[in-house]
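Undergrad: For reference, the chains in residue letters:
There are 4 protein chains.
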Amino acid sequence: MTSENNQSSEISANCEQVGRFWQNPRVEQLLLPHDLACSQAHVQMLGEQGIIDKQVAKTVIDGLQTILTEVKNGKSPLKSDDQDIHAGVERRLAELIGEASQVMNLAKSRNDQIATDIRLWLRDSTVEIFEHLLSVRQSLLELAQRDLSISMPGYTHMQPAVPILLSHWWLANEARLRRDTERLLDFYGRLNTLPLGASALAGTTQPIDRKLVASYLGFADVIENSLDAVADRDYLIEFGSFAALVGIHLSQMSSDLLLWATQEFAFVKLPRAFGLRSLNMPQKRNPELLEILRSRPSQLFGRLNEFCSELKGLPFAFSQDLQECLPGLIDMVDTLKFLLELTGKLLPALRFDAERMKEAASQDLTNAANAVDYLVERDTPTSKAAKIVESVVQYCKERNKDLSDLALSEWQHFSAAFDNEIYEHLTIEGSVSARSSFGGTSLEQVSAALKRAEEFLQHDRQRLPSKFANRLLEKQIDNTQKEKQTKS
Amino acid sequence: MTSENNQSSEISANCEQVGRFWQNPRVEQLLLPHDLACSQAHVQMLGEQGIIDKQVAKTVIDGLQTILTEVKNGKSPLKSDDQDIHAGVERRLAELIGEASQVMNLAKSRNDQIATDIRLWLRDSTVEIFEHLLSVRQSLLELAQRDLSISMPGYTHMQPAVPILLSHWWLANEARLRRDTERLLDFYGRLNTLPLGASALAGTTQPIDRKLVASYLGFADVIENSLDAVADRDYLIEFGSFAALVGIHLSQMSSDLLLWATQEFAFVKLPRAFGLRSLNMPQKRNPELLEILRSRPSQLFGRLNEFCSELKGLPFAFSQDLQECLPGLIDMVDTLKFLLELTGKLLPALRFDAERMKEAASQDLTNAANAVDYLVERDTPTSKAAKIVESVVQYCKERNKDLSDLALSEWQHFSAAFDNEIYEHLTIEGSVSARSSFGGTSLEQVSAALKRAEEFLQHDRQRLPSKFANRLLEKQIDNTQKEKQTKS
Amino acid sequence: MTSENNQSSEISANCEQVGRFWQNPRVEQLLLPHDLACSQAHVQMLGEQGIIDKQVAKTVIDGLQTILTEVKNGKSPLKSDDQDIHAGVERRLAELIGEASQVMNLAKSRNDQIATDIRLWLRDSTVEIFEHLLSVRQSLLELAQRDLSISMPGYTHMQPAVPILLSHWWLANEARLRRDTERLLDFYGRLNTLPLGASALAGTTQPIDRKLVASYLGFADVIENSLDAVADRDYLIEFGSFAALVGIHLSQMSSDLLLWATQEFAFVKLPRAFGLRSLNMPQKRNPELLEILRSRPSQLFGRLNEFCSELKGLPFAFSQDLQECLPGLIDMVDTLKFLLELTGKLLPALRFDAERMKEAASQDLTNAANAVDYLVERDTPTSKAAKIVESVVQYCKERNKDLSDLALSEWQHFSAAFDNEIYEHLTIEGSVSARSSFGGTSLEQVSAALKRAEEFLQHDRQRLPSKFANRLLEKQIDNTQKEKQTKS
Amino acid sequence: MTSENNQSSEISANCEQVGRFWQNPRVEQLLLPHDLACSQAHVQMLGEQGIIDKQVAKTVIDGLQTILTEVKNGKSPLKSDDQDIHAGVERRLAELIGEASQVMNLAKSRNDQIATDIRLWLRDSTVEIFEHLLSVRQSLLELAQRDLSISMPGYTHMQPAVPILLSHWWLANEARLRRDTERLLDFYGRLNTLPLGASALAGTTQPIDRKLVASYLGFADVIENSLDAVADRDYLIEFGSFAALVGIHLSQMSSDLLLWATQEFAFVKLPRAFGLRSLNMPQKRNPELLEILRSRPSQLFGRLNEFCSELKGLPFAFSQDLQECLPGLIDMVDTLKFLLELTGKLLPALRFDAERMKEAASQDLTNAANAVDYLVERDTPTSKAAKIVESVVQYCKERNKDLSDLALSEWQHFSAAFDNEIYEHLTIEGSVSARSSFGGTSLEQVSAALKRAEEFLQHDRQRLPSKFANRLLEKQIDNTQKEKQTKS
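Chains as they are written, first to last, in my numbering: chain A, 7 to 494; chain B, 7 to 494; chain C, 7 to 494; chain D, 7 to 494.
Hints should not be assumed to be uniformly reliable.
Any copy, or any two copies together, can satisfy a pair, since identical chains are not distinguished.
Below, a list of computed lysine to aspartate or glutamate pairs in the DMTMM-like style, where the Cα atoms sit at most 20 angstroms apart [as the list claims (entries may be wrong)]:
| id | residue 1 | residue 2 |
| --- | --- | --- |
| 1 | Lys390 | Asp90 |
| 2 | Lys390 | Glu105 |
| 3 | Lys364 | Glu270 |
| 4 | Lys393 | Asp90 |
| 5 | Lys407 | Asp240 |
| 6 | Lys390 | Glu416 |
| 7 | Lys393 | Glu105 |
| 8 | Lys390 | Glu101 |
| 9 | Lys275 | Asp90 |
| 10 | Lys393 | Asp408 |
| 11 | Lys364 | Glu435 |
| 12 | Lys390 | Glu54 |
| 13 | Lys390 | Asp88 |
| 14 | Lys403 | Glu416 |
| 15 | Lys60 | Glu383 |
| 16 | Lys403 | Glu361 |
| 17 | Lys275 | Asp153 |
| 18 | Lys343 | Glu134 |
| 19 | Lys407 | Asp68 |
For the record, the hints were derived by calculation from the structure and aren't laboratory data. For clarity, every value in this text was computed on a predicted model and none was experimentally measured.
Chain A with its partners taken away, still in its complex shape:
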């Protein structure tokens, strides 16, 4: 026996990470308030249901509130030899209120409590991410409003294709984050369900009321099946893929900006405050922050992959493997919040060179597509029109000319269908304004799209509840009781 204990202390001495992740100060700090709220709601219900004496319930809830206050004042109840967060709370509570503390464990286990704690924390994190998403979308719409007069080349395969408005590009990025907002809301709905009451895995013999606890804690529903409730970590994959997708969107946006920030494109500059200076190369301004936006989403992919592999083939229902995901999940939330915050600060600080962008859209024969359109509108079959314009382009290249430099007679040499109107088609303004199909890049379309996007954003602001601050527990309990009285 003694030798066993020695080994034990040796392990805790040497393997500091043993994966009692709750001894990770960051995990502890994040989960503790939620753990306390969870216990308070549970004990309140035990009292309401007559499973324990109401006065005992009040004593316990007050004791937990004392610990919560201690936590908020930076004093953790945990000691290094507490087995886990729950054990630490229990020990501290017993110090405060004596044996009455024991009722806290009635009809509840570590398995359903930790599952509840994580959901409480992730629910608040989701709200914060929702707010960040709205804020970035707001920035994007403001930029779209600001840049309605800037035209630039639209690219496919990194090759200039047809001119677009810069605002159109901002709105495309906003549209992607709008879809991500939808996903987050769908996710929130599935997350916002209560596992507590499943006990270890099979339910409990006590006449608990799980829906009452759900209402105290602001959950929309309970996870019914008790096995499912303690084992469900679906949110790891669902949140993980949401985060990965946001990361992809930010990464693609920054990839375009990095391209435009090259000296060769020279469409955009980062202000001095957003770059590191290169000591030996004073002419350089390095876009490190954009590179971070491009690169760091890979960490989100890695975590998503980790979760898949951790969950694959696990025996049902609860095992330590389910706890192993937690540091990764916290890391994911941190990373995503950082990326969104950085995006929100960085984008408005960028300086665009409107002249240069317009020039790039004009040169380089990007308006050849317009000449094809011109012919097609005048009933030349598409493939024939393409061949004609290809010859014109070849003719220009050999003479180092732009299409707009050609005389009408030169045009008509290639096709009799050309007349003076062709020149209108060749201006950037003409080209952009002509693309007025729904969702196209014409100023009229982009302005209408911007207006709709602003309305959507207004609408989305209404759609997620505020964070469930712990201090609200009391109010929730009041509300629940009032509702009950109203019904009866």
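For this one, chain A is given, so just place chains B, C and D on it according to the hints.
TA: For chains B, C and D alone, kept in the frame of chain A given last:
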């Protein structure tokens, strides 16, 4: 020039995979019908809008219908030197109807068309997967109904914890797939939007009506922003993570079954028809099919990972990289359908040994938890109750007895709180039926849960539209026109 | 019983993929010749050891040779109801030579045979990839030789930093693939060991000689421990990460080339034969093949991820899960060979614009770094030098000048340390040739590096054995016997 | 300008993670000593080469030594507004020795220095991991020695197949880690090369001696090509896949142990000190630590995936993306060391139940394979022998007998080839000892294998250099100079 052409043919001769994936027969076979439908709907709209002559539109649509019929009869329009699927269709159409075929390319590009083709195909695949999900859920509910009388140990950490009903386990698995069904429906809503009309990336100069095309093709809406429309591959991540999650659920279920199929557990046997015989070890019956269910989901994770990495940091809007995902997506759909189909066939064929399962639930002191509950219900504080029962357990182990073997006097030696009722608590039946909290494992709760699950399943059956069979295009057009007339 | 059989045929009818992967024609085609060689070597050893009659051994080996000939003539021995590849060979062999065929299974199991088959196939694939690697390295060195006179900007953070030679860039890419060649050789050494003789998992009761079989099949050694031998799939991860790394190297190289192929950089063009034409945008030349090189490596990462997840937490020793990796492994080999082949064809076809590259290296103040060096060499502290040159750069920008445009008096306005030598430092040629530290970009260093690289390549050509063609089995057996005789 | 600065401070105030990862205290703590050593070696070389005055060199080196001492005493030189680790050191050095500090930046850039720092740190980490690997292998061999007398079932597909010795299983696990040791050594060889001297990317104009710096810092060679030198992060993938493979091996080992720790198998118990107690279920002993060993390797896979995605498609040569990998790499090293340490402590503490294991090997007809062998040795064709024994097995099952319970007459009812010797074949001892082919499970083979493994381990102990402690720099410089003098 000649040398270039030589190199070109050398490439096509030697690098057969050059990633002209449309020369992959499986991709071609899957996308072609959708590509034809897409062009038909587009041309019909061009006629309706007066962009082309209605009679020309009819000629083109009929020509495309002829090609569709050829395809259905196994005759592909594609030749090896066609640049891609669109070029092949165009060439064949020109053979059939001459120069009129050219109008097909008006106000449409490869970029928005391929984006539409993939969504049309994936939409139908989603419906098929929806049907498979419902079918597996149906099987699980039937098994839950069948096995209401089988009790077994419930496990945490692979250690027996408290007895449960096998039906409770079946229902837990069904509950997970029910959530997956919700996810699929959310996904379907976002998938079911039309990119066509974005043209190359910026919209078109023609007065097209995108919503009309959407209605022809059964899309609920259009993807508004033209840059976004050609570049949006969000469905890769969203479908990929849905598939990964289903895979995790099936993998965990099969992992339990593999454990139970060991000779040491001996809870379940695969029928002979579902195992390979081992030549040199005739006593063995290997559960290969369960192993496939456990293992193959990893392929889904790998694909999801591939998609993340492919999309990360891509310049906006269209590039070949977006095409590279297609073989992986098709593979994912195939794998998921296979896994669900295999599950649906395998589960009902398993043979459970009810006696053995009950025996395992009885022995091994799994009912110690019940003795703790007994004391707690009689006001012993939890930690004290746990210590008492731990002593009883130790006492039993030393004497190689089960708890139910102890005389009342032996019980009372440990705590005066024990009386004859303790024996009821120690039976499996007593233990199971006592866990009657909402979502618990008591027969009453499980039966009620089963009833609710059946109602949910009935409800879900109503929720997804049927596959958009190509032959329905004509009917859709009719409907759309009728609606218009009604409105006007 | 009957109902079981019905279910069985239903499964094979409906679940066509049941994962009897050997019914995958491509897997079958790849493994069959190796399976036959494996059996031949085994039976030859059985005869040599006196475990079976030598004449019987000869009959079996000849029968297997007949099947091999049939396979080479395109006639597979497998029928759809053969349980696996081994069963099919056995059945066909029995048809050819009757009951003698049975000895083939003596002291051998499916588990060690399939493990051997895969290694035999992967060993040959490794040799092919080795040859592809050498060939791409050869191309890179030829390009480095060709482009010794082309100077260009060297970039960090996609911003021009200091001028380099294009040859220096080619050599950097070759250096990476040289390291990959080292890795492949290390890998080959670990792959080239024989599992056969482990039988199902525990060895055999027969007096077999595993090293004799190894020598017949050209393996350098046997995998000793029998449990390890049937379960070792380490090569999945080791080969997978090798492939991922090659993919990363090709992807990064093509990413630079894609940047240089933009109209804004305009350093490089793909010849017409290597791009697809855009119908509506005749001015465009899209670099799809480079995009494939950038993107497709993601498939390698996905497979590596799949393998990790498949192998994680598997019970020891053999299970079906180990077979599930095979299609992914074959896919990986195909993809890697394709990528290397494409690289080898594409690189020499690219057209570089030396004038444009030199111009880019000159302008844009990339030689500010040289001015700093100039001052530091004349004992100005680095940070002070940097500040001085920063002021000069600012002065130039405001006047829209290059550094080389400044008069000496203007230079001396900023620091008295400047004299006429500064102008030499500002030429591209001066800048490049000055960087003559070991491994630097000066012509002298690059030429020397090229020479060393060519010698390395020559050396590497000697380092991997040729493919183990199946027809060589007979010769190997002869050699082994000669060696034995020589020794005795 | 002012507004820019405001934004800047806002960013540093709000985006605390801005990815100036060197402000991550753990990264700072790990890299700082190596950064200082790197600078010392560089400056020493500058003095030796006459690029700077030797006395100045000494002053700088002494100043850096002072900082190193401060760091070792827990006083970091970094302040929150230092741009990075290099800037902080430079500032502190200037405080100590004034303007002479500037020479430190001569012929060196951030790019090649950070690349060198990481390699110095990872090289030491590799040595630590090597030591952990040797220690776990040592434990495994001691356990193999201890358990030579314990027989148990060998499993395939989690089904008992043939009896083996537990020692054979320990040795299989050791064999895997032996291969991993080989991989680590191969990796170390490639890691142990010096990037310094590449400067920003193109080499330097100063007459530096890179090989001299390499010898000071204990590197075996330099990375020649300067572009390659600053960009090479191949070690991320190579170390990552090494770590993943070790993780897979530990995960599979723990997966077997978890199975054996179930009450149904009951082969092994964790001592009390290694498990958490379950409050409400006092009978339970949960194997959390084994679950951590099974699960946590997924974090290694996730990081490997992250690295692949981060590196894919990066433009050459240096960018911030390359810095983003560092926290992940440190995490990987921590995790791997933890997993190996935990394994080394946990394995010797496990308690095996030899009786139970032997019993399991006897029952359950695992020796049917022996009966097949028996017949085959007596010239019954394998498939016929298998059919005969299958009938015997069926006969036993129906009568609830073991094979050893059958009378000889019953055996002979199935085949005349059976005589009394069959009973010897059916004992565990007979079965195990019969499998005496090379690498098989017989005591003789296992003992010989154990002896060889011990010799290998002894050999491996000699193969890696000790850690390059920073204090050795002085000695290295001495040695290098002595060598030089000897040569001249």
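Undergrad: Against the structure shown, which of the earlier numbered hints fail to hold, in ascending order?
TA: 5, 9, 12, 19
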